[in-house]
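2 protein chains.
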Amino acid sequence: MDALHEQGLRIRDAARVVAQASDETRRAVLVDVAERLRNNTDQILAANALDLAAYTDVGAGRDRLALNEARIAGMADALDQLAQMPDPLYEVVHDDVRPNGLGVQKIRVPLGVIGVVYENRPNVTSDVAGLCVRSGNAAFLRGSSAATHSNTAIVALWHEALAVHGLPIDTVSLVADTSHEAVVRFMQLTDVLDCLIPRGGPNLIRAMREHARVPYVLDGDGNCHVFVDESCDMDMAIRIVRNGKTSRPGVCNATETVLVHRAIADAFLSQLDAALSEVEIRGDAITQSLVSRAVLATEEDYASEYLDLILAVKVVSSIDEAMDHVARFGTGHSEAIVTSDPAHADRWVRTVDAAAVLVNASTRFIDGGELGLGGEVGISTQKLHARGPMGLAELTCLKWVVRGNGQIR
Amino acid sequence: MDALHEQGLRIRDAARVVAQASDETRRAVLVDVAERLRNNTDQILAANALDLAAYTDVGAGRDRLALNEARIAGMADALDQLAQMPDPLYEVVHDDVRPNGLGVQKIRVPLGVIGVVYENRPNVTSDVAGLCVRSGNAAFLRGSSAATHSNTAIVALWHEALAVHGLPIDTVSLVADTSHEAVVRFMQLTDVLDCLIPRGGPNLIRAMREHARVPYVLDGDGNCHVFVDESCDMDMAIRIVRNGKTSRPGVCNATETVLVHRAIADAFLSQLDAALSEVEIRGDAITQSLVSRAVLATEEDYASEYLDLILAVKVVSSIDEAMDHVARFGTGHSEAIVTSDPAHADRWVRTVDAAAVLVNASTRFIDGGELGLGGEVGISTQKLHARGPMGLAELTCLKWVVRGNGQIR
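Chains as they are written, first to last, in our numbering: chain A, 1 to 409; chain B, 1001 to 1409.
Just so you know, these hints were derived from the structure itself, not from any lab.
From the three backbone atoms N, C-alpha and C, an ideal C-beta is built for every residue, glycine too.
Worth double-checking, as some hints may not be accurate.
[Stated by the list, open to error] A few chain A residues that face chain B, going by a derived Cβ cut-off under 8 Å, partial list only:
hint, residue
1, A355
2, F365
3, G369
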């Protein structure tokens, strides 16, 4: 047995303890860590400075790695907010008495040990630990090697708070070995991890599919569409597309493709041209005939999650053509319709197969905070267990409880 | 693209259609197949006779492969019963209005394409198809090669009924190539299968962990325990252990180990000795001193799912020791306590980590039919998505529905 596996077994033991901790204790740990984050901001920034000094890339990864006072305050506030969420545990979701007198219930319990693989952002360390502990789980965290000093400093505060409240410090643990070999072994700790959540790009997803032997929930790509229907408030449609594309282009709930009904394509696309002047437009032939600056979209464009100020556009002749396009190119994340026709809204909601379907609202709302979950570990684009933002409830499972007075079959 | 993958894409298209079928249509298909099973019993028995004639094994597999009039009637009755279950689809399980006015719901929708890998029993073909279609899903079924004639005859009746009710016949499909190579490719149809459920032994589970690239729910082993507490109705305890061990030893919810409190071990084990005379007892040293015919149990015995008339026994000094034993050797299936102490019952229920915990009832009740689910595709021993018997609700997932009037972030 190697060190990683031994550490995993300690975390599994810790999970059995934290699962039995009271609501009050679990809340108190989060509030305590929030306080320690505020009181030890300088110490965390010093650790982060070591990471930044060793970091040679100049791209967006550097910004994601960097902490500052506001970001640390944000981490603390997120924990305070989670502490105030209602206890996700021990809810009775099914309650029945069978004809033979057996009482049958399903109750909500923690999953156990949650593994998370993520990239540079050190705030994820604290956010995920908060979601796990609030829901009675242990967190086994495999962060980026670039963030090791920052993550270690943050986890040290968690250990102090856990110890103060009588919980095992192993409840929140970092994978010490951040090599690629170790991440593969991490994905195969079948007697440790009850659920593994990868937060990362296509390479991580591919590695998960290839190597993972534990149950996992994929946080996949978001190729999100907005369908602008024939009958709609066109100013609203422009607002929703502009917000979906430009408010934060690099996130998975950003809008990537607009499908527009042929009947209003002329008016809508000329408004879009003006309203999204900073955005590159890639469209089909009709789009090109209406928006002179548009370049011709390929199949690959429609399949792309740009995560950039680029928008694919396609003119369609009906809601059915729009839904077929989404069925073909969508990644099961978030799909919106802008329409004034209630029957079309209902068809969209019922037919489109995605984690989230929206009517007359920006795709950017598909986020744990915006939906009222108090945070999220990731956004699931698969269908098993959790779909869409994974908050506290998604870190639990259900247990059957059967009470009898001697029944046999 | 090979034939299996092409077939899969047709099934995926069928799944989009059946997902939109009305409750009435989905019920009607099941009732229709039930009728056809009753009217074509001879034809199915003739197909089954071909399978049996080619089958050379003499073990339990032959019995599992064999159909008769009663078994076919049972398949038909199961479908009629499923048809009468309430519609599992479109239930609103979460309903909220956010401060910005967005209406936020979670609704229950079909998973899509359910893959099932199973062994000889031809009745599974009809049972699983019934659960899938009732819940708006398509079923892609990989049965045993030994049952090919039987399965093909049963699926032919499904195709007739689906066509009569205007649904694509691909909604219920068999994997034609039942080779081992094809089953590995089946487990990797990532753009086809939304959920794969293996029903089989340790070899299949190992193959799944190794080769599956699609989301799956494991139907694993059941090493089920009964803890006989210090304070209990001893006659009830004997009844529950006897029922758990002997009523059907070969199934996963059979009792495999009895843990008995030291304070009552003497009286209880002498009653057990007499009441389970046909059962081999393997126990620890104390058990051996009380039951002269008991052989010494090894660690391996405590880890075994015997599926036979063999019972492991261990004397423990407390409920804590019992729970530690279950935590170490249990497989997360079904764990029972027999006790008259409500505080011990509550601790057991809250602390023991398994799909099902029982108080004063036989482990044999952990079954979809007994729990009121109307049937089951399998019994999940993992925690993600479904835990315990997988009925209609476990073949669905939740979709977020967000309705606004132009909200942006």
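How the hints compare with the structure:
1. A355: holds (6 Å)
2. F365: At 6 Å from the nearest chain B Cβ, A/F365 passes the 8 Å test, so the hint holds.
3. G369: Violated: closest Cβ of chain B sits about 10 Å from A/G369, beyond 8 Å.
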